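Engineer: For chain A, the structure is supplied; the task is to place chain B on it using the hints.
Chains A and B are the protein sequences, given in the same order.
Taking this note's numbering as reference, the numbering of the first sequence is continuous, increasing by one, and the terminal residue is 253.
Taking this note's numbering as reference, the numbering of the second sequence is continuous, increasing by one, and the terminal residue is 1364.
Hints were generated in silico from the structure; no laboratory data involved.
Bear in mind the structure is a predicted one, so any value in this text is a computation, not a measurement.
Ideal Cβ positions, reconstructed from N, Cα and C, are used throughout, including at glycine.
Among the hints, erroneous ones may be present.
[Unchecked claim] Derived coverage of chain A by chain B (criterion: at least 3 residues anywhere in the stretch with Cβ under 8 Å from a Cβ of chain B; other residues may be distant):
1. 62 to 71
2. 119 to 127
3. 132 to 146
4. 167 to 175
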Amino acid sequence: MARLHEKHTFPGRLIIVEGIDGSGKTTQASLLRQWLVSLGVPVFWTEWNSSALVKSSTKKAKKDNTLTPTTFSLLHVTDFADRLSYKIIPPLQAGMVVIADRYAFTAFARDTARGVHPEWVRSLYDFAIKPDLAVYFKVPIRVSLRRLLSARMKLKFYEAGMDTGLSKDPVECFELFQSRVLDEYDRMSEEFGFHVIDAVQPIEAQQKQFRALVSRELQSYLAPYLAAKEQKTGNESKDSTVRRAGTQNDG
Amino acid sequence: MAKRRFMGTGLPYVDLSEVNGHLLVVEGSDGVGRTTQLSLLRTWLEVQGYGVIETGWTRSALVRESIDLAKAGNALNLLTFNLLYATDFADRLEHEIIPALRSGFVVLADRYVYTAFARALARGTDPEWIRRLYGIAIEPDLVVYLRVDVNTLIHRVLLADSLDHWEAGLDQYPQLDPYESFIKYQSDVIREFDKMSDEYGFTVIDARKKVDEIQRELRAAISATLSQSAGADVVAPTVDE
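Chain A with its partners taken away, still in its complex shape:
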């Protein structure tokens, strides 16, 4: 198989965002979606861990706390396989832009941080489609923790990695677990050619970089949409060309 390493031949494009919890990647991905939709691009949105097939199992297991690192990993890959077949590939075949909020790399980072074999989890996801653009929103633990806590006061059990038993204190456990996840992301940046965006920057600055990156990497796909937009708005798009040239940041 090894599809994760080969360029796909579907007419659509796959953009994925990665980052630890609280990195702001979902905010960035939804802003990107707004922009693409405004250009008239057909966009399909998909999230991690959202298929109906394994929902009951995941919910039950999380409630009973009977998941091991391995079954945790397997439930997620099953969910992913289901979504890939029914939600990601068909829109790509139909020529849409699919934005995935988290992708296989989330599993590689988290599951390895939980203790499964890094080679094993990679081989599980061999069937995944290689993204046309993978963007990693990189943020220090402290910043993500502050964002999460200011939004909802409490960390979720698995988000904090409480199942790993690294610490009984949720905040401390979060720091320990997420720093492992962070290390894995850093390791993967090169392995899978992530484009890294500094997620400490203001939201709009990150979004500017993200859009520039998408314009560049999906140039041929977006060209007709951008041209149509340019005809309509004249000078506005010249400005964005300048911005794009000035803010490339793709480690």
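Structural biologist: Just chain B now, kept in the frame of chain A:
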């Protein structure tokens, strides 16, 4: 005793040095009489003083619901089919098999990863991928394959029950009728088992023989395996002739 090993990359967070016990696997298609043989084996081993735990295929609580749900709607594609069964296996491996082995039990496995391999390969799954997927499994001490030809098999299955959609492989051959599909699919499965026999060194028993003959052969194979690993204070079971 031979050193415990994983079949592939394994579970890095599980220390195998404490995982003793014995893992004995009986493989073979549905209808070859595995269940009967296993219950006879259990009694025999217990009479000899061995603690026995039986484990089956797809009996774990974790994903049973998902599997049933998917099968009912026939919504399983090849990938999710393989992955759900692997999840189920992993759950049993970590919650049943490993703890039992660690406590020194004889684990009698009513089918093991080879069933997953045979079914997946008969359905056209990438052989390398499925083997790596099950690289988490513990290598058994013994695998006995109860082999029958497909014609014997279909008679037994028809006498026992009607043909099941999945066992008949109708997901593979939807253009065929259940009988033809069963023959084709189960032949594919048997072919895969035959290929694995050499690769993994199965002990093959002709399951067309009488129940007590099969049982005698099974006991002989198990005795040989257990005596290899028997310490000074453990007596390998004897086979009554």
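Engineer: Decide, hint by hint, whether the structure agrees.
Structural biologist: Checked hints:
Closer than 8 Å: that is the beta-carbon criterion, and the region 62 to 71 of chain A has 5 residues meeting it against chain B, so the requirement of 3 holds. Coverage of the region 119 to 127 of chain A by chain B holds. Counting CB-CB distances below 8 Å, 5 residues qualify, and the rule asks for three or more. Beta-carbon proximity to chain B at under 8 Å applies to 0 residues in the region 132 to 146 of chain A; the threshold of 3 is not reached and the given coverage is violated. Chain B is given as covering the region 167 to 175 of chain A, and this is violated because 0 residues of the stretch bring a CB closer than 8 Å to a CB of that chain, at least three being needed.
When the structure is compared with the earlier hints, violations turn up for hints 3 and 4 and for no others.
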